[in-house]
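Engineer: Residue numbers (the working numbering), protein chains in the order written: chain L, 47 to 228; chain S, 2 to 221.
Read the hints as simulated data drawn from the structure, not as lab findings. Bear in mind that the values here come from a model prediction, so they are computed numbers and not experimental data. Note that beta-carbon positions come from the ideal geometry of N, C-alpha and C, so glycine has one too.
Pair by pair, the computed Cβ-Cβ distance ranges are:
#1 L:Glu62 x S:Leu208: 50 to 60 Å
#2 S:Glu48 x L:Glu62: 42 to 52 Å
#3 S:Leu98 x L:Arg128: 46 to 56 Å
#4 L:Thr201 x S:Gly17: 11 to 21 Å
#5 S:Gly99 x L:Arg113: 43 to 53 Å
#6 S:Arg78 x L:Gly185: 34 to 44 Å
Covered stretches of chain S (in silico footprint by chain L; criterion: 3 or more residues with CB under 8 Å from a CB of chain L, positions within the stretch not fixed):
#7 40-49
#8 68-78
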Amino acid sequence: MTLDDADLVQRCLHGEATAIRLLVERFQPEVFGLCVRLLHHRQDAEDVTQEVFLRVFRSLRRWNNARPLRPWILRIAVNRCRTWLGRRARRPELVDYLQDTVADRPADDAAELAAEIRAALEVLRPEYRIVFVLFHEHGHSYEMIAAAFDRPVGTIKTWLHRARLEVLQRLKRRGMVPERHP
Amino acid sequence: MRCADCLELLQRSLDGESAAGGAECELHLANCPACQEWFAAARRLEEGLRVLRAQISEPGPSERIVALVLRDHALRRRRRWRAGWAAAAAVALAVGLGLWRGHYTDTGPELPPAAPVLASEEPSLQRQVAEVGSALADLARRTTQEAVGPTRLFVPEPVPTPRLSNVTLVSQAWEPPKQSLRDVGAGVSAGLEPVTTSFRRAVDLFLRDLPVSPDNPTGL
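Sequences and hints are given; from them, build the entire structure.
Structural biologist: Laid out in structure tokens, this is it:
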């Protein structure tokens, strides 16, 4: 039998270990995937995922059960990632460059294209990047992302469109778009 | 159709919406190299995104997170319990002190009926106060000794010295400071003696002023 989110949260609030495990397993892949895609660093992503779930369980009493749980957790994850990205921008680490140059070296055109998109996302504003990843890589709707950011859908749409244009611009500039044939 | 409209259509198409006005856009694209380039880039973006979506991310640290959350949960619950007990103890202490003060300051006929029950506890309380008094006197005495004790270290012990010819003995030179340090020690001891005695006297006075219970006329 699958518990719905509200029941699961109630059981977590009573300290049931199985419910806590279930909640982590239900949302962890998505949160961890988002962290990996945004931070591009497995260790950082693990640390942030842990932080996210600690915060989730510490503030679970404040969750309004009239609203869906997923965007609420996603908001916490987004906020933690933004904080982490901001912190990392102020303190660049050698490890990031090493990971970029050794582990993610593109092997063929598809991998090179993916690496270029990744690199284009790296230089985007954190909000744009998160919206792009949530929409294009995680397949979330505008409404879900708006709930996660606590912003109107129109704002999210604008951010995503700007993010796309910047990525497309970079793909053109880096020669990833084939020449036109006359 | 203008380039801006064509780009808007491109964005909607990437949003997954149905692109109305596609025919007009096709016409525009045929004559606009800039827009052709944007559309080509968009196709490449879609190809790249398919690759990115296909990349299976490794499983996350589920077990570690569960363990961490459970530990945190237990820790916070223990903290809440401790805080609850501390608050309860503080309230109990405050109530106890209030009752005790009320009993000893309120000697009139309007004593509450609970007074006899409290009176039965008087002997042990007085005994405790007496013990505290003697402990304070001991403490004062010990403090005096500790203050005086170190000064004794400066007093040199008589050490046998070899007899040397042609050298005058210096032991005589030690005598004046030795005498002086002893005097200091005695002075400090004598100076702190009144502290000890006044402590004891204060405690005695305090005990004498305590009301005597009819069950225990000695007060102890």
